[in-house]
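A.B. asks: Take a look at the letters that make up each chain.
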Amino acid sequence: MTPAVRIEDLSVGYGDTEVLRGVSLTVAQGETLALLGPSGSGKTTLLYTVAGFIEPTAGEIEIGDVLVTGAHGGVKPEDRDIGMVFQNYALWPHMTALDTVAYPLRRAGRPKAEAREAGREVLALVGLAGLEERKPAEMSGGQQQRVGLARALARNARLYLFDEPTAHLDSSVQRSVQEEIARRRRDSGAAAIYATHDSSEALSLADRVAIIREGVIIQIGTPGEVYDRPVDVWAARLTGPASVLKAELEAVTADGLDVRVGESRVSVPASGSPTGPIDLLVRPEWVKPGGSLKGVISEVWYRGPYTEYEIRTPHGMLTTSMPGWPVMSRGDEAGWTIERAWIPDQAGQDAPKVS
Amino acid sequence: MSRRWDLKWVALTLLVGTLLVVLVLWPIGELIAVAIEQYGLEGADAERARQSAVNTLAVGLLVAVVAGSLGALGALVTERTAVPGKAWLRVGILLPILIPPFVSALSWTRAYGPGGLTDDLLGVSADGLFGLFGVVAVVAVNAVPLSYLLTVAALNSRVESDVERAARISGASPASTLGTITVPLLAPALAGIGALGFVLGINAFGVPAVLGSPVGFRTVTTLIYEDLALSARPEAFRRAILLATGLVVAAVTFVIVAEVLLRSVGTAPRSAAGSGPQLAKVRPRWGVAALAWAFVATTSILPLVALGLVALTRGVGLPPVPENLTFANFAEALDGRLLGALLRSVGLALLAATVGILLGAGVAALRKRRFGGVFGVVVLMTFAVPGSTLAVAMILAHGRLLRDTLLIILAAYVAKLWAVGHRAIAGSAENVAPHLYLAARSSGASSFSAVRTILVPMLRPALAGGWVLIFLIAFHEVTMSSLLYGPGTETLAVAVLNLQQLGDVPVSSALAVILTVPLLLVAIPLLTSSRIPRRFLGTG
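Sequences listed follow chains R and S, in order. So the first sequence is residues 1 to 355, counted in the working numbering. So the second sequence is residues 1001 to 1540, counted in the working numbering.
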C-alpha cells in the first residue's frame, strides 16, 4: 500500500544554516509517527515543510501518491489535504469556536449552514458542545487547543500534523488533551506525525518514534525499540532516565555479549566485539536490590508512586526506582543486580557501532 | 512600598506641575478664552477661513486613505512576501522620516515641477504638483513611515504567522487568507492608523506652505501663518486664533480616537514560542521588489537627487552638466546670516532634546506617584496639539515677555516634544520589571545604587533613542518656529522656507541639503544595523 507520507533525503536551510539534513522517513496509512527531539532540533521545520510552509533546499515529499515538492514551491499548503494542530493553538481571535471549525469546510466550498452544522458535530466530538459561540479569549488553554483539534478534524484529511500540541498547556490538562488527540486520530483512521519533546508522550502515543537531533534523524523504531535499544547515550537520555556504568567485555556468546561491571555480570543482546572499557546503559527498572554490585545511596527522592535512589558505585552513578515509600536512606550501603543492560554507540555519535 | 512625601518627590511634582501649567494649560486656556471673546468674522475673512477649513479636511481625509493604504501595502510586502533585499527595502520605506516634510516638498518641485529634473530631461512635469494633489502626495509620502511601522507592529502582535498558516492548511488560498483572517484582525489598527494620518494631514504646514500657497491653495495652518506672520490686521489675528482653536479640537479628538483604536497593537498576547520558524526558501519576488523600489525611488530618492543637483548648479534653468556645477550656493548658504541660523537650529535642537529627555524622565519617575498619571496624560495631549495652535497659544501666553526671543521657540519645542521623551522612557520603563529592581535591593544595593546600576543601564537605549528623536524633530521643525521667530532668531528651516518663498531656488536647495543630508548619512547605517528597527519590526 502507498504510504501516507514518504520523505526522501530532505534538507532545509535558512540562509547559511542547515536546519534539516538528509531526512528520510515514511509513515504508513493509519500510523502515528512521533517526532521526538529537544527544542531547536528541527521538529517544527520538518512539519512546516511537510505542510508546505517551507520549501526544502533538497529532497522530496510525497503525500499519498502525490509528489508535493517541486518547482514553484510545489503543491500549495491549502491543496495538500493535511489537518494541522499548532503549538500555540493559532486560533483566529476574531472568530467564534464554531466559525473556526466551520472554516475549513467553508473553504472547501460547503454552504454556510451545512458547514456550521458539521462544525457543531465536530465540536461536540471533542467535548466542546455549548461553547460554540466563544472566542479564543473566552476559553481556557485546553479548550482552545480542543478547538484547534476540531478545526484539523473538520478538514477530514488523510494526514495530521501535530506540532507539540500540548506544550503550552498546564500539566493538569495536558494528559486529557493528549488522550483526546489520540482517540480522535484513531477514529479518523488517518496517519499522523506528532512532534514532541516529551518522551513519555512520544512513547505512549506513537506506533513508531523518530528521534531527531540537530536536523538529523538518528533513530527510528517502535517505542519499545527506541527505549530498550537507544542508538547512543544522548538518545537514551532523551527517551527516559538512564545510567551509564563502566564495564568490560567478558565473552561473546550466541545471544550477544557478556559484560562485567565489577563483580557483577550481565548479558546484553548486542553483537560485535568492542575493545576496551564499555559504556553500559542501564534503565532504572533494569536494576534489582540485592546482589554483588555494591554501592552507597547518595540521594533518595520520593516521587509518590515510587522512590528513586541514586547510588554511587565504583563504576559510576546508578539510578534505580522502587515502588512505594523510601526503604533506605542516604549513606546506606547495599548490593544490587543489573538484570538487563544495553550497549549504545560508544562514541555517542551518529551511527551505532553495535546493534 | 509606601508613598512617602519625600522632599525630592514634592519638589519634582511641583516642578513638573508648574511647567505643565505654564507651558501647556495656560496657553491653551488663554487661546480658547481669547478665541471665544474675539469671535466674529465677516465677509471675505470668513469665506477664506471656511475655504481653508474645507481644504484642510480634504487633505486630512486623502492623506489618511493614501498613507494608510501605502503603509499597509508596504508592511505586507516586507513582512509577508519573500522580497529580496528586505532590510534595505525597509530603510527605503522609512527614508522620509529623515527628511523634513517641507524639504520633501521642495525636492518634489525640483524633481517634477516645471523646470524640474524630469522637465529638463524628458519634457515632462506634473502640473498638479502645486495644489491639492501635490500637498496630499507629499504629506502622504511623509506619513507612510509611521503608517508602515504601526501596521508592521499590528501585524506582528495581532496576526501571528501561525494564524495565517492555520488558514492556509485549512484550505484557504493566500488571497482568501488575507481577506478572511489578516485584514479583519488588522481592522482596528488600520482605522487607528487612518485617524493618525488624518491628524498628520490637517497639521501639515511646511508642505502646503511650499506647494499650496503659491497657487492660493490655503489650509488652516498656512492661513494661520499668513494671518500672524504676514498681516497686521486685527481681524487676521482674530481669525488665526479661531482657526488654531478649531485645529486643536479636531486634532486632539482624532488622536484620542487613534489611541483607543491602536491600544490593541502590541498588547495582544504573543505566545512564548513565537510564530515558529520564519518562512524561508520561497521564491524571491523580484517583481514586487521592483515595484516597491520604484515607489521609494520616485517618492524619496529622485526628488533628493534633483534637490542636490539644483544645489550644485550655478543658476536656475541650467542643466546639471559638469561645467555648470559649483559649490557657490553652499558657500552663500553658509555665509553670515544663514550660518547663524544653522547654529541656532543646532543649539535649539540640542537644548530641546536634553531638556525634553530630562522632563520626560521626570514625568516617568512620577508615574506611580500622586498626580503622576495625570501628568503623563497631559504631556501626551500636548503632543497632539498641532504645532500651529501651540505656537499661537505660546504667543498669547508668553508673547508679552518673550516675543521674538529664542526662548519662546525653545519653550514651544520643549512643550511639544516633552511627550516624545516621556513616551520613549515610559515605554521602556514598563519593560523593566519591578523584580529586577527588587532583586538589586535584596542583593544589597541602596535605592540610589539600584537605580544607577540596574535601571539606568537598562533604560540607556531608550534615553539615547528619545534624545536623538527629539533632536531630529526639533532640528527639522518649521511650523512653530515660522510663527515664533523674530529678527535675529530665524532657524535654518525658517530660512529655507523664506528663501524659497523669495524664489531663491539654488540657495534654498543648498540649505535644504545641509538640513537633510548629514542626518541621512548618519542615520541610514544606523537604520540598517541598529536594534531600533529590529525592535520596532519584531524580527529579532
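Just so you know, the hints here were simulated from the structure itself, not pulled from any lab data. Keep in mind the model is a prediction, meaning the values are calculated, not measured. Careful, some of the hints might be misleading.
[Claimed, not checked] Taking beta-carbon pairs under 7 Å as the criterion, some of the chain R residues facing chain S (in silico):
| hint | residue |
| --- | --- |
| 1 | A51 |
| 2 | V75 |
| 3 | P77 |
| 4 | E78 |
| 5 | I82 |
| 6 | N88 |
| 7 | P223 |
| 8 | Y227 |
| 9 | Y302 |
All C-beta atoms, glycine included, are put in the ideal place defined by N, C-alpha and C.
A.B. asks: Output the indices of the hints that this structure fails to meet, ascending.
C.D. replies: 2, 7, 8, 9
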